[in-house]
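Residues per chain, in single letters:
Number of protein chains: 2
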Amino acid sequence: MRKNYLLTPGPTPLPPEVCQALSRPIIHHRTPQFQAVLKEANEGLKYVFQTASDVFILASSGTGAMEAAVTNLLSAGDTALTIQAGKFGERWTELCRAYGIDAQVLDVEWGKAVSVREVEKKLKNNPRIKAVFATLCETSTGVVTDIEALGRIIKDTAAVLVVDAISGLGAINLESDAWSCDVVVSGSQKGLMLPPGLGFISVSPKAFRLIGASRSPRYYFDLRLAKKALDKTDTPFTPAITLVIALNESLKMLKEEGLQNVFLRHKKMAEATRSAMAALRLKLFAPSAPSDVVTAVCVPGAIDGEKLVKTMRDTYGVTIAGGQEELKGKVFRIAHMGYIEEFDIIACISCLEKVLHEAGYKFELGAGVRAAEEVFLK
Amino acid sequence: MRKNYLLTPGPTPLPPEVCQALSRPIIHHRTPQFQAVLKEANEGLKYVFQTASDVFILASSGTGAMEAAVTNLLSAGDTALTIQAGKFGERWTELCRAYGIDAQVLDVEWGKAVSVREVEKKLKNNPRIKAVFATLCETSTGVVTDIEALGRIIKDTAAVLVVDAISGLGAINLESDAWSCDVVVSGSQKGLMLPPGLGFISVSPKAFRLIGASRSPRYYFDLRLAKKALDKTDTPFTPAITLVIALNESLKMLKEEGLQNVFLRHKKMAEATRSAMAALRLKLFAPSAPSDVVTAVCVPGAIDGEKLVKTMRDTYGVTIAGGQEELKGKVFRIAHMGYIEEFDIIACISCLEKVLHEAGYKFELGAGVRAAEEVFLK
Numbered sequence: 021m022r023k024n025y026l027l028t029p030g031p032t033p034l035p036p037e038v039c040q041a042l043s044r045p046i047i048h049h050r051t052p053q054f055q056a057v058l059k060e061a062n063e064g065l066k067y068v069f070q071t072a073s074d075v076f077i078l079a080s081s082g083t084g085a086m087e088a089a090v091t092n093l094l095s096a097g098d099t100a101l102t103i104q105a106g107k108f109g110e111r112w113t114e115l116c117r118a119y120g121i122d123a124q125v126l127d128v129e130w131g132k133a134v135s136v137r138e139v140e141k142k143l144k145n146n147p148r149i150k151a152v153f154a155t156l157c158e159t160s161t162g163v164v165t166d167i168e169a170l171g172r173i174i175k176d177t178a179a180v181l182v183v184d185a186i187s188g189l190g191a192i193n194l195e196s197d198a199w200s201c202d203v204v205v206s207g208s209q210k211g212l213m214l215p216p217g218l219g220f221i222s223v224s225p226k227a228f229r230l231i232g233a234s235r236s237p238r239y240y241f242d243l244r245l246a247k248k249a250l251d252k253t254d255t256p257f258t259p260a261i262t263l264v265i266a267l268n269e270s271l272k273m274l275k276e277e278g279l280q281n282v283f284l285r286h287k288k289m290a291e292a293t294r295s296a297m298a299a300l301r302l303k304l305f306a307p308s309a310p311s312d313v314v315t316a317v318c319v320p321g322a323i324d325g326e327k328l329v330k331t332m333r334d335t336y337g338v339t340i341a342g343g344q345e346e347l348k349g350k351v352f353r354i355a356h357m358g359y360i361e362e363f364d365i366i367a368c369i370s371c372l373e374k375v376l377h378e379a380g381y382k383f384e385l386g387a388g389v390r391a392a393e394e395v396f397l398k
Numbered sequence: 021m022r023k024n025y026l027l028t029p030g031p032t033p034l035p036p037e038v039c040q041a042l043s044r045p046i047i048h049h050r051t052p053q054f055q056a057v058l059k060e061a062n063e064g065l066k067y068v069f070q071t072a073s074d075v076f077i078l079a080s081s082g083t084g085a086m087e088a089a090v091t092n093l094l095s096a097g098d099t100a101l102t103i104q105a106g107k108f109g110e111r112w113t114e115l116c117r118a119y120g121i122d123a124q125v126l127d128v129e130w131g132k133a134v135s136v137r138e139v140e141k142k143l144k145n146n147p148r149i150k151a152v153f154a155t156l157c158e159t160s161t162g163v164v165t166d167i168e169a170l171g172r173i174i175k176d177t178a179a180v181l182v183v184d185a186i187s188g189l190g191a192i193n194l195e196s197d198a199w200s201c202d203v204v205v206s207g208s209q210k211g212l213m214l215p216p217g218l219g220f221i222s223v224s225p226k227a228f229r230l231i232g233a234s235r236s237p238r239y240y241f242d243l244r245l246a247k248k249a250l251d252k253t254d255t256p257f258t259p260a261i262t263l264v265i266a267l268n269e270s271l272k273m274l275k276e277e278g279l280q281n282v283f284l285r286h287k288k289m290a291e292a293t294r295s296a297m298a299a300l301r302l303k304l305f306a307p308s309a310p311s312d313v314v315t316a317v318c319v320p321g322a323i324d325g326e327k328l329v330k331t332m333r334d335t336y337g338v339t340i341a342g343g344q345e346e347l348k349g350k351v352f353r354i355a356h357m358g359y360i361e362e363f364d365i366i367a368c369i370s371c372l373e374k375v376l377h378e379a380g381y382k383f384e385l386g387a388g389v390r391a392a393e394e395v396f397l398k
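Protein chains in written order, with my numbering: chain A, 21 to 398; chain B, 21 to 398.
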């Protein structure tokens, strides 16, 4: 017998309520029955996005929603600022360039957060910047961006603030309206505790004006079509019916727990994880701006990082993530996001201790778990 | 108590095996476990597409796969021929035009099939046509296109044949390779008996050459990225994990029944439906080229077509489809596709008889069901 634990930054584990909803007989999408589902989902998403604006549901992964942001806001030849502090920041740049948009890259060292002053400077020096593309939680490094501060400096400029909140939404605080985020993009398989296959995108009134003006070619992700349909509680193309139905289950769970409690739970799990790593004398990869979504940890010198992740997963059933691109083998990442609570974290740390011990790493057995328990007892 | 019957041309009912697969705990997609799933799915799709070429799995609805076909094959300024015999043929034209492609429209009267001679003439008169966009089964009218004949006249030209087989694949015969189809597009919620949320696209060697040359901007649907990933049994972006796992269940069912038997089952159900309509003195909307996928039936003069569909669904639990766009209220459509067998058809016809009777339509009660039974007994 082996139980499986999933502590990866997407997909995250599915609550039983979601699994059950996924297995229901399917209903047709052009019916009053599905309209009621869609209405409930649209309203629930506004709660989680903390916005009064429309949130569109796309049948795509998060990257599809990112593409929708780029092509609906900007046209070839437009200038954008992309904040690039890891793999997912790079995706904004790649997307802009695929559509002929002049992406001015603000390169940030992996593991560091962007300096808001730097963004301000770039905006002042280049008034042609029409959009700033940021990442709430850079999953590849575990760093969290100060979106509130970015919103403050961008809101009175002509530019719009676009936030990739794929990792983080529904796990850490993101006040789309209060923080002047114009477009917030997310996906289903992270804080929303669903399988991948849904993309989400909210659009502020300021951003809507750009959508009307964009000349970028688009069809499947055309938010003009999506808006027309949404106004009739419909979607322009066949929605991913099953996932939308399951979304209402996870939205219900988030509402019942209350967003602030959800954020607190994530904060505690992250603190416990960081504290455990310190007790095991493991260094955080991003100590200056660690997110409460995922913790990236440096692999100690004598340990094979890829083997560590593999052994935890294939021998003991605990799946965490390894490093991506330049961090391959150098870090491992423990996600504490979604349908995860303290004893999942304890199990994960215990498994990490076991594998480190077997690999000959010197530390006091149980020290990581104890440190986490101390945080959870507070 | 009320049981629900779903006889719509997408979504189609889910087999219990698929429902159960959908409710399994999720696994991470960058693991050997999911790689095995993806490999099995890719191979199974080749069987259903009847092709030796790659079939790509996209996290999108079928329209996303249609967009992938357009943007990966053609660039702004290129010329295409779109066969437009209903709502879904129109989608090809809209997609081409959204990307600046000169779509030469071959307009066909709704309810009729395209004349292959007409296509041949268009191709001869305009050697700049780089792609012909066709629809296997035009769901809005119930008409089937003779793809084999189209392939025969296109294969020796420079143009590629692109087939929207969203409705029809896995239900009626489509020999992608033998019929010289260069690109075949499909979706999950039709013959493949899954919820919506997956798009599929196969690409012949002839079509692959166009993909390298296309200058259309694209990212999420960029098949160059998809090909690079597929060669490592991977996907460029997070796949819709749950749906891919469930896909292997429906592929297994299709293999066990055998494609030829699957086609035969659909053919019989379609014949039974058409025979029942004749017995009820109801006219087919497309008698000259009716598909074995969906049957469009003219609403008799004295009957309110929209109310008929609504009563069947909301009072009796039998969901069929109404007419779309210019056919709204004028036809109803009974799909006999996917996880459907003879007694579903019998139930549907019986319900139709009941509602027609209640609406005061004159006919011999039971005549439709008897006519269907006679076909099934053959």
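A portion of the hints provided could be inaccurate.
Intra- or inter-copy, both count: the list cannot distinguish identical chains.
Cross-link-like lysine-lysine pairs, in silico, PhoX-like; alpha carbons within 25 Å at most [stated by the list, open to error]:
1) Lys275 - Lys374
2) Lys330 - Lys303
3) Lys287 - Lys175
4) Lys272 - Lys303
5) Lys330 - Lys59
6) Lys247 - Lys348
Simulated from the structure, these hints should not be mistaken for laboratory data.
Outcome of the hint check:
no.	hint	in the structure
1	Lys275 - Lys374	neither (37 Å within a copy, 44 Å between copies)
2	Lys330 - Lys303	within (20 Å within a copy, 63 Å between copies)
3	Lys287 - Lys175	neither (28 Å within a copy, 61 Å between copies)
4	Lys272 - Lys303	neither (37 Å within a copy, 47 Å between copies)
5	Lys330 - Lys59	between (42 Å within a copy, 20 Å between copies)
6	Lys247 - Lys348	between (41 Å within a copy, 23 Å between copies)
Hint check: violations occur at hints 1, 3, 4; the rest are consistent with the structure.
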